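Asker: Each chain is listed here by its residues.
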Amino acid sequence: MNLYLHQRTPESFSFYIDGNLQFDSADEAIYHESLALPVLCLATQPKRVLICGGGDGLALREVLRFPGIQEVVLIDCSNDVLDLGRNQFAELNDQSLSDSRVTIVVADALNYALPTAYFDTIICDFTFPTTLESAEGFSVEWYEKLAQALSSGGKMAINAVSPQNTFDAFACLVSTIRAANLQTLPFRVCIPSFRDQGYGAWGFILASKERLTIRQLQNLSCPISTQQVELSALARGAHFTAAQRYQFHVAPVNRAGDMILQRLLVNPEASNKSLNFDTPPEFPNLLQQIEVSHPYHSRSMIETLAEHVAGSLQSIDLKKLVSELLKRAQSLPRRILDELEVLREYLSRTVLDLEIWGKWATRLFATLLIVMTIANSISPDPAFAKGHSGLGHSSFSRGFSSHETFGGGLPTGPRAPMSGNGFRSNYGTGPVDVYGYHYPPRIYIYNNDWYGSSYGYSSGSNRGGGGHQPHQQLQHKPLFVLDDDLLAMDNGDFVVTLSDKAFLLVSNGKVTLMDSTTGAVIQPIYAEPKLFDQIRQEVNNQSGDLDTEIRHRRDWLSWTGWTADLIPTVRADNLEYLNLQDLKRRLGVAGKKLGESSDHGSLEVPNGGIELFVGCHILADNRVQIYSPGGKYQTTDGITITGSDGKTSKISPQFKTVIVSVIKKMVTETQQDMDSDRKDLQSLQQEATATQMDLSEYQNLQMQNSYDPDYEVDYGTDSIPVGQAIQKTSQDLAEIQREIQTLQLSIQTSEQHLARFQTALHSWSE
Amino acid sequence: MSHSEAQAAREAIAQGHVDQALHHINNLTMIGGHDAEVQELQQRLWHYNNSINKRNLNLQFYAVGCAVLGYGLLSLESPAGWGLPMWGLLSLIGIPTMVGVFAGGSVTGNSKSARFWRSFTITAIAIAVYTLVGMLLSRSKMDSADKSLDIAIFLLVMIVHGIVAGVVSGFTGSLIRTKAGAN
Amino acid sequence: MAAFWRPAQPSEFIELDQLAGKSRFAGFMQSNFWAEFKKLEGFDVTRWVWADSSDEVRGSTTILRFPYHGESGFAVCPEGPVLDWDNESESREALRGLIEIAKQFPEVLGLRVEPHLPIPAPRVLRNWADAPTDLIPADTLALDLNLTEDELLAAAHPKCRYNLRIAAKHGVTVQSIQDQSFTHEFYALLTETSSRTGFYIEPFGFFLNLVGTLFKHNAAEFFVSRYEGEVLAAILVVYFGNRATYLYGGSSSRHRKVMPVYPLHVAAMNAARERHCTEYDMYGIDASERRDHLYAGITRFKKQWGGRVERRVGARDYVFYDRLADLVVKQIQSMPDFQS
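Chains as they are written, first to last, in the working numbering: chain A, 1 to 766; chain B, 767 to 949; chain C, 950 to 1289.
Isolated chain A (complex conformation):
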């Protein structure tokens, strides 16, 4: 048991057991008066009281104040809590634990023998049940035992759970007490400290062998004064809707061997409905049906987990599973079995390809995914999803790198759209992405009408990547981060960042290479239609997300918008709504402003060439070829620049600087990718070597044992015939080698590219 006393001042403190708030000295009287006084008032001249739990002595304090009490038995299993009750809480509980009428028993109340028909009042003040074990203190068997200890006319009060946050669990408790042949009167109370912890309104249940009514609660006549509770007002908390009262009758009963209460508490939305499978199964819909097992977890975590389960299913022995399923033939109809038989045969030859399979094999896979996702999610552990590569912006750091905040508490899953605060007060101060993540501000400097007279086709002034100097430099801020290196600007332009010195400005069907240091136009670029399509696609996709979020906020504000002047959170919601609308509008403007590409037909990468960026390639001889609008191109070796008409001139320093920066970035990124691939390759090769050694060993053993088919070998922790071990190991090795080949190809390509970039950089830098 973890006991924690948070002392704010000598008189003011809060007490936690196992991380759960038990009481706060500021408002504990609300809880303890609500728990103890109504039941004492309802009992007929109570003299003998049993308190289970409550070692803090606070419920006891209330009991002892009540006139006529002759004897109190308090059973608590924790000496440590009782110690606190006698010492740190003594002033608060009026030294109740030292009262001569009180007998304290340090024991597990569930296993303590109680006298029959002895107590006029029983108060059950157990801690919140978070485990199957602690849920036993809320079981029908326990309440039956307490009922036997109640005298005729005796009454009971039970500390329940929150009917607000976990209504199903609350109803389960009521139903459980009824199942012990007791009448119940549940009611709820608002305790500010509980509400601040997120526990919601708290519930209590009065119980008795005789009927209890709300009127009795309304007409409570209490001989002692109260500190914080108005007893007559408690009845207001006893009103539940008809539907809720119906639930009290039909909710499941928490009993030994079937502790449903725990599940209802950790997953307030638990249900026993069976999964609804489409044919073929639509995975997003299926995943939606998996319960979120814990308050610790979120829907997006479950979906991420399911993705990783799907990935890890490759290493599940599907053949073995199918064999086990076939052993259960009696439980499955013939048509499923037929399909599974063929599936088993298929799996012995190759890896599962769901595209070609009938509905039951696909459902099998889907069911497997669901079952394994649930199995992996029922523990509340925050687990690290393997190999997850997230949104990650290469040139846009998420604020972790140079301004590092911390590194622990590693991310475990993707975030929901708009979940961050970037659309609230931070909006407009820096770019934001679809998740609401707010990036450090950046400025892009260029002339607003760059696409006007500065084009200069006719004058040719832009030949050589002319360093056109705009007459009016304006600062433009990126508004929205659409993807790695793709930004939507505040004025509707799009920026594709190429390097720290260069970017592409995309707008009005045109693409221009810009110097990010001076804001100068370097060169108009061929407006590759694919680029426009990609940008448009990205804008449309994310606009869709924006639309949804705008609609949600619009709906909310249509109810509450007029309270914005009064309530700061609604003001913030309104701000967010306006900001989202602003962004949507601007994206719409940007989308229109994007226009259709003014050039038609995609450029092909020349033979032996590598794309540096859209419309620009490094050729086999390390010259850079850059395409202008209309399809004309210029080629440069870093010293001179030659047009497609053969005319040559000196390259402008600005242009050169920009190209060099882009090549440098490509060098860095290609090197990084290659290094990453090499690291992965190294791991794979180690794995391949180990697997090859195992295979050789199995083959030797097979030979040494004269190819005896029954000869068994250790395959991991299993013992299987050597032939099977060879087959499985060969399959594993083949799979690893396929991955190695893919990686090697990728590395080879990267090496070629890197060599080219480095040579080009060298020659350009001279």
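Take these hints with a grain of salt, some might be off.
Stated by the list, open to error - Computed list of chain C residues with no C-beta within reach of chain A, every gap over 10 Å:
(1) 973
(2) 1020
(3) 1052
(4) 1241
To be verified - Result set (DSS-like, lysine-lysine): computed pairs, CA atoms no more than 25 Å apart in a straight line:
(5) C:1052 <-> A:319
(6) C:1252 <-> C:1118
(7) C:971 <-> C:988
(8) A:664 <-> C:1108
(9) A:327 <-> C:1118
(10) C:1252 <-> A:679
(11) C:988 <-> C:1165
(12) A:664 <-> C:1252
What the hints assert, rightly or not - What the simulated footprint calls covered on chain A by chain C, stretch by stretch (three residues with Cβ under 8 Å from a Cβ of chain C suffice, anywhere in the stretch; the number is not a length):
(13) 61-67
(14) 512-518
(15) 604-617
(16) 663-674
(17) 703-710
Rather than coming from a laboratory, the hints here were simulated on the basis of the structure.
Since the structure is predicted, the reported quantities are computational estimates derived from the model, not experimental observations.
Where a beta carbon is used, it is the ideal one built from N, C-alpha and C, also for glycine.
Following the hints, put chains B and C in place on chain A, whose structure we already have.
Answerer: Just chains B and C, lined up with the frame of chain A:
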């Protein structure tokens, strides 16, 4: 004399003046009216009362049904979905008025305040429930929201909606004059 | 000599802690304090000893299960089991024994192990499936605390030293705290960090339990950095055996330019040295250093400190296919068109 009392009683019943009718029937009894006639008048009065009570009950059901149906239909879309002016017109004026007409008509007697409060209560409760459910649903869809003051917001909006619609309904209800109940 | 598993006696827990602490194949999740913490979190925790017939202890493990009404999950040996994994035949026998133990729990769908084994996975795990999630990050960065502070920083990236100087120039101070009451402030920092990055944090009660248990066993410390009296960042470091692990950290959005996080780790490493730790585990990186990995930024930060990259095999599952088949059949039977 008995004839005039009996006649007066019949006229009072026909005009729905229950107290007057009772007064005349009592007079008739005192001055020795025929038992059969007295009985017949009493029965007529009793049937009349019954039909008024039944009518009142029906009107109450209509009022509640109108509120439930009206706000139920409105709940198909958010207020923004209906368009705020249209929504305001329907939820704060249209439905409350209809409820007021039925609820107001379900109260016998001259008491405007009784009519007001009955109409007010039905409408206020209906719109409060509808508002709360609507807010809960729309709030649950927002991830980035600061939900710390939600309870205060829910209460405030529910109360204001309840009061505004309730007053419209109550005012309408109070204007209704029923045949029965005029003294 | 043949060995077998038996339940551990409480009197053996200290010895088991020492065994796990010394093992290079295990981590703090095999410790007593972690077992105690998991119990508070509602896990069913059992401790086991792998001993030979003369009762010489050769291995141990904690097994965790989370009993959940009506569902099956995995029995987990977090950062374990503690075995001599270099001895293939012994580790094989031990795993087989553990499988039998796991089978005794009727609601368990399989056994998950997560030893600190470098890749490639040993032969003994050949028939174990890749688990979809790890309890600890499979790849991490370890700093050698046998080096002095100066030696360590000399081997670090210049940017790291530069940021430390910035912090020093601005007068950022670091304090170590072993008081549970700081959990409130720490949680506020975590919450702020989480809302900034959008990433997940556990509830407050989790941290109360974690910190309470760790501090009770003197197994952890907060390190807190302050600037002009204001708390800007804090980390929680766990000590077990010869390894200190940087487990959680949070920072304020304010005054980030004074680099409050950097001096925290220096202080933590110094404190770890005093506790005779020889390694400081940065707890999670992307060992491939992919540009677009979710951990890319975190990896860049941690790699600034130098250190040695550890790539581990991660968690592996032994699946009970018969029980899995039972569950799958049950699901299939519940499908609406099952009978048609």
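Asker: Just pull the numbers of the violated hints for me, sorted ascending.
Answerer: 2, 4, 9, 13, 14, 15, 17
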